[in-house]
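Taken in order, these protein sequences are the chains called P and Y.
Here the working numbering is used: the first residue of the first sequence is 1, the next is one more, and so on.
Here the working numbering is used: the first residue of the second sequence is 1, the next is one more, and so on.
Calculated directly from the structure, the hints in this document are not laboratory data.
Any given hint might turn out to be false.
Said to hold, decoys possible - Restricting the straight-line Cα-Cα distance to at most 27 Å, the calculated cross-link-like pairs of lysine-lysine (DSS-like) are:
{"#": "1", "chain 1": "P", "residue 1": "Lys29", "chain 2": "Y", "residue 2": "Lys78"}
{"#": "2", "chain 1": "Y", "residue 1": "Lys174", "chain 2": "Y", "residue 2": "Lys111"}
{"#": "3", "chain 1": "P", "residue 1": "Lys4", "chain 2": "P", "residue 2": "Lys191"}
{"#": "4", "chain 1": "Y", "residue 1": "Lys137", "chain 2": "P", "residue 2": "Lys29"}
{"#": "5", "chain 1": "Y", "residue 1": "Lys174", "chain 2": "Y", "residue 2": "Lys130"}
{"#": "6", "chain 1": "P", "residue 1": "Lys225", "chain 2": "P", "residue 2": "Lys236"}
{"#": "7", "chain 1": "P", "residue 1": "Lys35", "chain 2": "Y", "residue 2": "Lys111"}
{"#": "8", "chain 1": "Y", "residue 1": "Lys137", "chain 2": "Y", "residue 2": "Lys78"}
{"#": "9", "chain 1": "P", "residue 1": "Lys35", "chain 2": "Y", "residue 2": "Lys11"}
{"#": "10", "chain 1": "P", "residue 1": "Lys225", "chain 2": "Y", "residue 2": "Lys11"}
{"#": "11", "chain 1": "Y", "residue 1": "Lys111", "chain 2": "Y", "residue 2": "Lys137"}
{"#": "12", "chain 1": "P", "residue 1": "Lys191", "chain 2": "P", "residue 2": "Lys3"}
{"#": "13", "chain 1": "P", "residue 1": "Lys225", "chain 2": "P", "residue 2": "Lys10"}
{"#": "14", "chain 1": "P", "residue 1": "Lys29", "chain 2": "P", "residue 2": "Lys191"}
{"#": "15", "chain 1": "P", "residue 1": "Lys236", "chain 2": "P", "residue 2": "Lys4"}
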Amino acid sequence: MLKKITNEIKSGFWGFINFISFSLETFFKFASFYKETNVSSLVLLRQILFTGYEALGLILVLATALGGLLIGQFGSLLINLGQSQLFFDILVKAITCEISSVLTAFLIVARSGTAIATEIANMKVNQEIELIDSIGISPISYLIIPRLVGVTVSCVVLTIYFNVATYIGGWLIANLMHPYPFSSFVYSLFKALTISDFAQAILKSLVFGILISLISSYQAFQVDKAITQVPQRTIKAVVYCISTIIVVDLLISVLFALF
Amino acid sequence: MNTTIQINNIKHPVSSTSLLEIENLQIETKQNILVNTRVNSGLSTFLKLISGVISPETGEILIFGEDLRYCSEVNYEKIKRMISYSFQHGVMVSNLTIFENLMLSLNFNMKELTNNERIQYVNDFIRMYKISQYLHKRPVELGFMQRKIFGIIRSCIISPNVLVLDEPFQNFEKRYTDIVESLIERHIANGNNIILGTSLTQHFDFINETIDYFPYVQRF
Numbered sequence: 001m002l003k004k005i006t007n008e009i010k011s012g013f014w015g016f017i018n019f020i021s022f023s024l025e026t027f028f029k030f031a032s033f034y035k036e037t038n039v040s041s042l043v044l045l046r047q048i049l050f051t052g053y054e055a056l057g058l059i060l061v062l063a064t065a066l067g068g069l070l071i072g073q074f075g076s077l078l079i080n081l082g083q084s085q086l087f088f089d090i091l092v093k094a095i096t097c098e099i100s101s102v103l104t105a106f107l108i109v110a111r112s113g114t115a116i117a118t119e120i121a122n123m124k125v126n127q128e129i130e131l132i133d134s135i136g137i138s139p140i141s142y143l144i145i146p147r148l149v150g151v152t153v154s155c156v157v158l159t160i161y162f163n164v165a166t167y168i169g170g171w172l173i174a175n176l177m178h179p180y181p182f183s184s185f186v187y188s189l190f191k192a193l194t195i196s197d198f199a200q201a202i203l204k205s206l207v208f209g210i211l212i213s214l215i216s217s218y219q220a221f222q223v224d225k226a227i228t229q230v231p232q233r234t235i236k237a238v239v240y241c242i243s244t245i246i247v248v249d250l251l252i253s254v255l256f257a258l259f
Numbered sequence: 001m002n003t004t005i006q007i008n009n010i011k012h013p014v015s016s017t018s019l020l021e022i023e024n025l026q027i028e029t030k031q032n033i034l035v036n037t038r039v040n041s042g043l044s045t046f047l048k049l050i051s052g053v054i055s056p057e058t059g060e061i062l063i064f065g066e067d068l069r070y071c072s073e074v075n076y077e078k079i080k081r082m083i084s085y086s087f088q089h090g091v092m093v094s095n096l097t098i099f100e101n102l103m104l105s106l107n108f109n110m111k112e113l114t115n116n117e118r119i120q121y122v123n124d125f126i127r128m129y130k131i132s133q134y135l136h137k138r139p140v141e142l143g144f145m146q147r148k149i150f151g152i153i154r155s156c157i158i159s160p161n162v163l164v165l166d167e168p169f170q171n172f173e174k175r176y177t178d179i180v181e182s183l184i185e186r187h188i189a190n191g192n193n194i195i196l197g198t199s200l201t202q203h204f205d206f207i208n209e210t211i212d213y214f215p216y217v218q219r220f
């Protein structure tokens with residue numbers, strides 16, 4: 001039993017070291033990505049289209065509904081408690097600092113993280129990675145870096161859209177409950193929103209985007225030759241992405257709270 | 001630079017039960033070589049190793065005097081441009097069309113041409129073999145033979161100094177065999193060389209030397 005636990009810890013440790021070296025290799029290959037934009041720009045464009053543009057509708061609907069829900073619930077509660085002056089502060093802390101980046105990241109994990117892991121893992125099984133390498137193109141600069149850039153840019157942009165849609169959804173519900181001019185809503189919102197809150201949301205989405213693409217790609221690259229490994233690695237990618245997002249979210253929140 | 005490929009004491013697993021082991025092997029330039037073998041003897045692994053597609057677990061392989069694992073990025077690109085491997089099962093990037101697959105090779109290996117010139121080059125090349133109707137299909141939409149023929153074309157289109165063909169005539173009907181023969185003739189006529197691996201006991205006029213591959217695989 002003890003031996004099994006020791007082996008698990010050892011394999012987890014080496015897995016982490018391998019992931020770090022994979023991530024470093026990816027960052028070092030950034031230069032060759034810029035040099036080979038004629039072959040990798042199409043992959044980047046497709047990634048932004050899939051992760052950023054095609055997910056926009058889903059993000060907007062979810063964010064608007066969530067904004068309505070939050071403002072509907074918390075608004076009534078705070079008014080009843082006589083703390084309505086805290087309404088916008090709570091809203092900004094909950095939505096901008098936490099929910100927007102984390103929920104957007106979860107949606108990206110569900111859509112793009114799984115897609116990246118499955119696609120690259122299948123390419124690995126079908127020898128397509130070997131083919132790309134045989135042409136002389138680095139699979140990291142052709143397959144990973146465009147996805148990393150695409151997912152990260154999309155994650156940041158979608159987080160901003162998520163915030164805007166949540167506030168608009170919130171205002172719609174607030175306006176239905178108690179007529180409230182939009183200009184006053186925006187004014188109060190911007191009064192409560194600090195640069196630090198906004199920076200926190202952007203930083204989180206940036207880090208989440210990088211982590212989602214790296215973890216998904218790394219797991220896909222671990223597939224050997226069996227097609228049965230593809231779903232196993234995809235599930236691992238999702239689990240590791242979600243766990244890492246929560247831990248990193250906590251770390252960034254603590255950092256911002258301390259400094 | 002007379003030696004194209006130099007193999008020194010390599011060991012590499014072919015499957016979970018067999019190991020490829022070669023002490024010393026040299027393949028000289030200006031030779032067209034037939035690698036003769038039997039089915040399931042690790043031929044693809046051997047050809048991938050000498051093309052630099054995969055690296056040996058132990059030992060070293062020098063391709064045009066360089067070990068691809070340790071050479072500079074410039075030399076790596078240069079060598080990849082000089083030696084091209086055609087996969088046995090006609091592997092192509094599945095999310096690209098045939099045309100995009102061919103362009104991928106050219107975009108990387110023929111940077112001296114403009115994009116329009118590369119497009120023209122692909123179209124002219126394919127028109128010669130009368131198979132342009134497949135150009136805008138994805139690999140999954142094609143049959144095995146069509147995919148394989150485009151895999152061979154993908155390797156030839158960049159005019160590498162050494163073209164490594166893995167079972168190029170296996171499971172082909174006559175018209176596709178004719179295309180492969182024509183591609184090989186064209187390649188040799190341009191002053192380049194080929195390394196052809198096959199289990200077929202067939203005579204090829206263009207072959208100068210035969211390597212007997214059997215002794216190299218150990219089974220356990």
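Exercise. Among the hints numbered above, which are violated by the structure, and what are their numbers in rising order?
Worked result: Failing hints, ascending: 2, 3, 4, 8, 9, 12, 14.
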